[in-house]
Structure formats: structure tokens, C-alpha cells
Amino acid sequence: MNMLDDEDDQSFYATRDGYSHLSDVEWDAVERMGSTMGIHAVSVMLEALNRDAQHATIAKFIQNELDAEREK
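Here the numbering used here runs 829 ahead of the position in the sequence shown, where the first position is 1.
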């Protein structure tokens, strides 16, 4: 999947191929993060973090989702 800010604006932010070290579960979480935080913010975050920090940040996001689900 390509993450584009807007169909008219072809600004490239992130593609699955560019982050092949992320699992499918992690990439699904990245897409959900884009829906919540904005695609540009997620792209900047991925570019700024090393692989270990990317995994840790995504894991924290998933854990927060699970915790929120349990509280319902």
C-alpha cells in the first residue's frame, strides 16, 4: 500500500516495500496509526526512528489499542 496524503497531491510518504522489516501485523497497525495521527505524521515518525524504535513504537500503539478495548 502507498500512503498518499491526497490523490491530487502525489507526495510520497511510505510504502510497505520501504519497510519490509515490519510484519504484516505491524504494517496494519501503521495504517491504523495513519488514520488516527495522520499519514504525514506517521511517515515522519517512521523516517526518524531506527528499526528497533519503529518496532517498539508500533508495539506500544498496538498495546494501547488492546488496553482501550479491554476497558470497554
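Treat the hints with caution; some may be incorrect.
Across the chosen pairs, the derived CB separations fall in these ranges [said to hold, decoys possible]:
| no. | residue 1 | residue 2 | range |
| --- | --- | --- | --- |
| 1 | Thr844 | Lys901 | 29 to 39 Å |
| 2 | Ala877 | Lys901 | 28 to 38 Å |
| 3 | Glu900 | Ser849 | 14 to 24 Å |
| 4 | Gln892 | Tyr848 | 26 to 36 Å |
| 5 | Arg845 | Ala870 | 10 to 20 Å |
It is worth saying that the hints were derived from the structure and are not from the lab. For clarity, every value in this text was computed on a predicted model and none was experimentally measured. Just so you know, even glycine gets a beta-carbon here, dropped at the ideal spot from N, CA and C.
**OP:** Against the structure, test the hints numbered earlier, and report the numbers of the ones violated in rising order.
**Re:** 3 and 4
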